[in-house]
Each structure stands twice: as C-alpha cells, then as structure tokens.
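Engineer: Protein chains in written order, with our numbering: chain L, 1 to 289; chain H, 1 to 399; chain V, 1 to 263.
In case anyone wonders, no lab produced these hints; they're calculated from the structure. Using N, Cα and C, we set each Cβ at its ideal position, and we do this for glycine too. Just to be clear, a hint being listed does not mean it is correct.
The calculated lysine-lysine pairs, modelled on DSSO-like cross-linking and capped at a C-alpha distance of 30 Å, are [unchecked claim]: (1) H:K316 <-> L:K141; (2) H:K316 <-> V:K174; (3) L:K154 <-> L:K141; (4) V:K174 <-> V:K100; (5) H:K316 <-> L:K174; (6) V:K174 <-> L:K141; (7) H:K65 <-> H:K349; (8) H:K316 <-> V:K100; (9) V:K232 <-> L:K141; (10) L:K141 <-> L:K91; (11) H:K349 <-> L:K86.
Just some of the chain L residues that point at chain V, by a computed CB distance under 10 Å [stated by the list, open to error]: (12) Y148; (13) G149; (14) H152; (15) S160; (16) F225; (17) H228; (18) E231.
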Amino acid sequence: MDEPYNFAYLDEQTKRSIRRGLLKAVAIPGYQVPFAGREMPMPYGWGTGGVQVTASILGKDDTLKVIDQGADDTTNAVSIRRFFEKTARVKTTTVTEQASVIQTRHRIPEQSLTSGQIVVFQVPIPDPLRFIEPSETESRKMHALEEYGVMHVKLYEDISHLGHIATTYAYPTKVNHRYVMDPSPIPKFDNPKMNMSEALFLFGAGREKRLYAIPPYTSVNSLDFDDHPFEIQEWDGVCQICESGDSFLDEVIIDDDGTRMFVCSDSYFCEQQKIKKKECKSMLLASES
Amino acid sequence: MYVAVKGGEAAIDNAHKLLANKRRGDVSVNDLSIPQIKQQLSLAVDRVMTEGSLYDQDLAALAIKQAMGDTIEAIFLLRAYRTTLPRFNFTQVIDTSAMRVERRISAIYKDIPGGQALGPTFDYTHRLLDFSLLVEENENDDSHLLKKTDVGIESSISTLSDEATDHLEKYPRVLDFLQQEGLLPASVNSAQAVDDITREPLDYPTSRSARLQQLTRADEGFLLALGYSTQRGYGRTHPFAGEIRMGYVDVSVTVDELGFDICLGEICVSECEMVNQFAGNQTQPPQFTQGYGISFGFCERKTLAMALVDRSLQAKELGEATDTPAASEEFVLSHCDNVEASGFVSHLKLPHYVDFQSELALVRKMRKEYFVKNTENASEDSATTKTQSQYKSEERTNG
Amino acid sequence: MKLPVLVEQPILQVNNVNKLYGINRGCQEISFDLYPGEVLGIVGESGSGKSTLLKSLSGECPPEVGDILFKALNGESLNLYEVDEARRRLLMRSEFGIVKQNPRDGLRLSVSAGANIGERLMAVGNRHYGDIRGAASSWLQQVEIETERMDDFPESFSGGMQQRLQIARVLVTKPRLVLMDEPTGGLDVSVQARLLDMIRSLVTDLNLSVVMVTHDLAVARLLCHRLLVMQKSRVIESGLTDQILDDPQHPYTQLLVSSVLTP
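Isolated chain L (complex conformation) (with noise of 0.2 Å):
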C-alpha cells in the first residue's frame, strides 16, 4: 500500500525488547531499566520514549488518547495522535473513560481511571536523584543500596530556607516501599492519583533510554516529613467554565491589563462537568415547576 512501515512503526523485535523491558519494570515497581532506545520521527524531548512505549502495547484493538498539559488538542498532543493515526490506524478518542491506552506529557486525567487502562507518561528525566548526583555510576549504586538520605536533605534544605518544600512538580515518590521515583513533571496536584490505582502506569524515558512502571494497587508515597506533610496545590477560585473546584486549574492571560481567569487544564474532563452542570440545572428547574 502507502506506507512501508509496520504496525505502529516500530519493528516487531523493537517491540518485543521494549515489552521485554516493560516487564521487568512491572515487577520491581519504581526501578528505572535500561533499555536501546530509538531514534524515533519527532525529536527526542518531544515525547520519544512515551511514543515508543505506546507503540509496543498497542493492539488493532486499542482505542488511544492523547494528551499535553491535560488537553487533547495541544500541537504536541496532535502531532502524535496523527502518528499513531497514521501508522496504526488505532481508533483515537478524547473521552478518556473510552481510552484503554492514555498517552500523556505532564498530566495525570482528572476522573479515576479503571482497571484495564494503560496510562504511558512521557518522560524528561528519569532519575530523582540526578540534580542531587549528576553521575550516574554513583546514583545506580544509590538506588541499589537505598542510600536516598540525600533526597529528604534536599526537602529539610527547602524548609529551612524557603519555610516550604520547593518542588511543585516532578515530585520525588517512594514506590512499594522500595524505589525512590519521579513521576515526570506532573504537578505534585497529580501525585495522590499514583497511590494504589486500578490502572498501570508505564514511563519512557526516550533521550535517557530508561522505562519504569507502577502496577496497579501499588502503593506511592510522595517523600515528606511528618511534621510537613505533603500536600496538593489549591485554588482560591472554581473553574470559570464549568466550576469545578477540585480540579488543576490553568492560568490564562484575557487582556492586555493583564487580566487573568482560570479554567480546567483537563480539557475533557471540563467539557464533561459542563455538561453535567447543564443537566443539573434543567433538572432542578424542570423539579421545581
């Protein structure tokens, strides 16, 4: 036909080495494994390594969501999209209960995900320990040992210093008790969502050639100290489109003022309280007449 490309573009050994990675990730949740990364038709940085994650678990049959920034329609979010729509021909979706592979850079979706989903994070830089201990040779046998005394001083610094833990996204994670891990520059808002849910959670790391894994009902913890314990971001306002309050709000800019209002990074899960809003209201009007 057109292309001469196999099946979501990567060879089958590619993809068999890929899902042997992936394997091994999932049964030491949290443990970064090495794997040969390709070079792949979009930059690495731009979402590599999530993309050839997602290429080696897709089936014929999958139903694949992407997204960027919590949104399906961001260039990045489309321009992969496009990707798998071309080479896989998968059925793509925005309704991300529908989606059994969620693809996704810096977001976790707003509404709890079930068994059966694959969550596949695209991911920067895998190493927490990595702006504490450039070397690699030393944060493997760090990792090895459970040497992460430096990540709680990294955390006592920010107290004693700044009255607070620095770090708002990317926050570092202990995973089954065991594995120090970075969740990729999700907002610390997405970490709770990690900790014993029914989906999987895969990350590629494409540039720095690592996978890692959270199977699902596995515990994560974001590292803190008891006496400052770990939270979420807040909002002192609601979504001004469709006034939710408890979800991860985006910042925009309406006027030259400078005038700023805020809305649901989501932007499915928005459309879909919007909708539930509409519903509500016509009911409580169609009740009370």
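Chain L is fixed; fit chains H and V onto it per the hints.
Structural biologist: Same frame as chain L, but now just chains H and V:
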C-alpha cells in the same frame, strides 16, 4: 466569555505549508538537485552521513535538501530513517591499511614511505573569497573543462619519495614503525565482543568499542571544543598527528550460504591516529599512547577532534587526572550526541504551562509570606543581627 | 585521664593487615585489638603508613592480606571486607564515624550546617523535621558552634568550626567507633587546644572507641590511652601512651620523642 482554545490541528497543517514554501524559496530560482548537493556540497554530505550513522550519499543529500541546509536537522532525518532499516548482516572490519589513498600525511616524520601526499585539502589555501564562484559555469562554455585539472595524488606529494608500484607498499601505516620499535603498544585483536550502542544503552564505565561508536557519531563542534580544551591546558595529552589518511576502503560481507566473503563495494573514510604523551611505571618501560578517530567521507576535522578526545578519555586507565571536562567520560559521552542534545534543548519550546502554574502558585505564596513577615518585623524592635562576615572575624580570634 | 574499663570483647580486631604501594610504603603486618572506650593513637612521620592503615580500617580500601573484624551492636563479629557493600556502606554511615583531616572532604559543602548534621539521621529513616532540627541544634551546642549558624553554609565557617561541624555530623548517629585522621592538622595552636578539649569530653561522655592518626605527640599524650608507633609501614613499638612517651624503647621512638619541642 472565554472559550477554551481549539484548533491545534489546523495550526499544525498551516505551519507545514509555510515550511514547505520557505524550503523551496523563490520559485524563479532553480530547484536544488540531489546530484548537485552530492557533488558540490560533499563535505556537508560527509558530515551528515558520519553523524547520522548511515553511509548513503543520496539519502544524506536528500536530508540536507529537506532540512534546508540545517546539518543537525539533516542528521536527525538520517538517524530516524536508520531506525526503520532492518539489520540483516554485519560487514567484515574495514582494512584502512589497504585504503585507496587520496590524502595521507604525518606530522611526526619529515618524510615517510609514500611521501606526504597532500591530496585535495583546504590546508594551504589562502582564505580569500573567490568571487569567480559567484557566476555559475555555463554548460555551453568549454572553459570549465579547462579549469578542471587533471592531476592524481602523486602530484600533490610534497616530499620526494621513491617510486613504488603497489598501493599497499606505497602507504604503509606510520604507527606501525613506532610499534615495531616497541614505542607504541602492539595492536591486539581483542577477544571482547563488540558492543552495539544502537541495540544497548550506554553503560558506565563504557567499553572501548561503545566509547568509539559514541564518539564517531558525536557532534563535531562539541568534540572540537573539548579537543581544543585539552590543547589549552584542561588535561594536556601532548598530541602529535601520527597519521591522517583519507580514501576508499572495500566493504565485504560473509555470506553464510556461500561460505565466503563478497565485496559489496567501497566507501570513503577518514582516519586519524594521534600519538600522545608517553606513560610508563616501575613494571613497564615508557611508551607512547594514542588516540583514534574515524569518520565517513572527508570529515578530517572531526577525526582529529575525536582522536584528541579518545585519548583524553583514557585518562582513568592511564592513571591520569579525570577532573577536566574532556576526561570526564560521563560528561563527554552523555552530551555529545547532537540529536539528543538538540531534541532536549528545543523541547523547551513545548508548552510547560502546567508546571509553570505550579511554580507561580508557590512563588506567590512565598512572596505573600515574606511581605507579611516583613511588615511584622518592621513594627518590632529589631535586635542587631550579625552578618556572616562578622561571625568569621570573631571565629579567627576564638578558634 | 580516666582509664577505660576493660570489657572482654574488643570492638575492633585487626589481624595481620597488609596494604603496600611499594617497598615499605603503605602498611604491613599490622595487628591490634581495640576495646570499647579506648583511644588508640597511631603515630609516626609522614610516609610511615598511618593514613593507609586508617583507610583500610574505615572500609575505604581493602587490604591485600589480613582482616578487620568489627563487633556490631547486636554482638555479631563482622569481617569488614567480607560483608556485602550495602552492609559496609551502612556501617560506615551509622556505627562507624570517620573524621577526615580536611573537614571539607567530610562535609557536604552545598548544604547548610543543620542539613550536614541531620543528613545521617535522614539516611537512617528519621522523618520528623522538628526532631532533626532539634538534634542538629543540640549538636551544634555540643561542638560549641552558635545555633544561629544552623542554616549557614560550611563555606562561611572558619577551619576550626568546619572541623567541629564535621565531628557533629559524624557523631549524630552515635557511632561506637570513630576513626580520626589528624583531626587538629592545619589549625592554630589555640584552636587546636579547644578542639582537643572538646574531643576529650565527647570521648568520655559517649564512651567512644577511637583510632586516631596523628604525627603530633602532644595530641597523642592528651587524648590517647595507647599508642602504636609506625615507621616505614610497620609498627615498631606499642604500649601505654605514658610509657612510650616517657620511656621509649625503640631508637626511632626515642628520636621521635626527643625531637618534640618542649615549651
């Protein structure tokens, strides 16, 4: 009423169209042809093949055309294409000693068997813009035939040498002479399996084969700067250009079914062997050490830089200091691939507003607390707080 | 100086340890026992092998011959170089303390004084910020550094303060064995005196066992119960400090002792 922004798909399509226009440029100007790029921008083609890790001049030329001359973008195109190619065999190791030489020089001897064959080099040109090149050659004018000189490599030998009838004898390896005298360690055929960095991720400390593979596809500018730094004192290795040779080598493959090798053709490569600072200890007599560089085509500058960095990365094995940038294996090898580097640097263009929102929230909170605290402090009596320098001077007296 | 109460089991047993870098360079045929509460001094000129020996004792450098047995808190006798690396690194962080000659080598310069002291507590699982800060504060007091300096970086401390900070960092997990490499090296005489006094109190208060490398016999006399005198990689004399310094037997020891400047 604010409505959520949509239209990413249309925007992307239009961006592609704008790019296609820009790539073509003014349509009244002739479209570039692949043969033109191959022939007249051959050094660009060579670089794209070397760093793209694929020997195919037509594809490299195509990549350059598609990338509008952006070499790193072209290299990326070639690498991405390489990913899709199935691998069905390995060639034999190429024998650069048997090279059909087009250029071969050595800086460590005034004269060598075969002579200092300069070949087609920029080396002794004066860097004066040649304005005659502004005018394209006219096909109907025969003067271009007269311009093209008909010389062979022998005419560019700058030193006198005896006649030799056979190429192999004509250009023996310079470093062989040093090895014969024991001044360089003898080459050994290592029993170690050769790593393949396209099949396994790099593991530190790296094996020699993995290290050289990573260096040969590394960004020329990065290696150039690192090599330069060693010459300026960041980890001196006293390099001498033992031999630089460029030319054509045969590529052969063993076909199992036939039971013998078949020569597939020849490729052009450049090779540099640096002779470096000697090393020795109580159990070993002093010998020179060496660095190695190789590339596709005529990427001479790349091979020199690579040889400098290769030697520098041997610091640990040779018991030398490893605290300079060029001797730090993890630093050099993690950052030398321009496809990785350019991808990650340019990924900053992608939306990051969710994470930025998190930072905004924290900074605003901290600022609020700061101003609250400062208004409280201003209203209290402030005891003098010692500055750090005051502490230090106190310490010197108290111990 | 109070003599330690002798307990049957030594906390450290060194058996015929050898680590050589050349002919008579390094240490060889070193054997000794160290008892809880003892301070053992290793004295000798530079090049005598003292630092090599200390490196082997601290778990940093395996000897070519011989072994080093440490009696862990649970009574187990651990062969320092036969336990796996994880165990050894854990020991080095909790039951051992290593005070380096240059405090900058033993401190984390990029974090505050408080974090330097608190790090080991965090490494062994302490998760209460207030408690960690409290421990850091009390240790700063113990080593006579003003607690207001808790959030300052070690760069801004003088040499003597950095050394005291290093000692606090090492002692916070209450190690039973402390190895010190020229702890007062490079400090002014008056600064040294203060430091030595502090070390002496800590040793008694915490019942520390110490192996201390020093070339300074005055320091040895002040702090150590027993001495090993090293020359050209070997121990040439050993015994109680007072005996050795007042009545040296070996000609080299006699030379060492006689060349100490007396005020």
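Engineer: The structure should be examined with respect to each hint, and the outcome stated for every one.
Structural biologist: Here is how each hint holds up against the structure:
1. H:K316 <-> L:K141: holds, 20 Å
2. H:K316 <-> V:K174: violated, 37 Å
3. L:K154 <-> L:K141: holds, 19 Å
4. V:K174 <-> V:K100: holds, 17 Å
5. H:K316 <-> L:K174: Distance ~35 Å between H:K316 and L:K174 Cα, so the pair is violated.
6. V:K174 <-> L:K141: holds, 25 Å
7. H:K65 <-> H:K349: holds, 24 Å
8. H:K316 <-> V:K100: holds, 25 Å
9. V:K232 <-> L:K141: violated, 36 Å
10. L:K141 <-> L:K91: violated, 43 Å
11. H:K349 <-> L:K86: Distance ~25 Å between H:K349 and L:K86 Cα, so the pair holds.
12. Y148: With a closest approach of 8 Å, the L:Y148 hint holds.
13. G149: With a closest approach of 3 Å, the L:G149 hint holds.
14. H152: Holds, because the Cβ-Cβ distance from L:H152 to chain V comes to roughly 4 Å (cut-off 10 Å).
15. S160: Holds, because the Cβ-Cβ distance from L:S160 to chain V comes to roughly 5 Å (cut-off 10 Å).
16. F225: L:F225 check passes; min Cβ-Cβ to chain V is 4 Å, inside 10 Å.
17. H228: Because about 5 Å separates L:H228 from the closest Cβ in chain V, which is inside the 10 Å limit, the hint holds.
18. E231: violated, 14 Å
Hints 2, 5, 9, 10 and 18, counting from the list given before, are not met by this structure.
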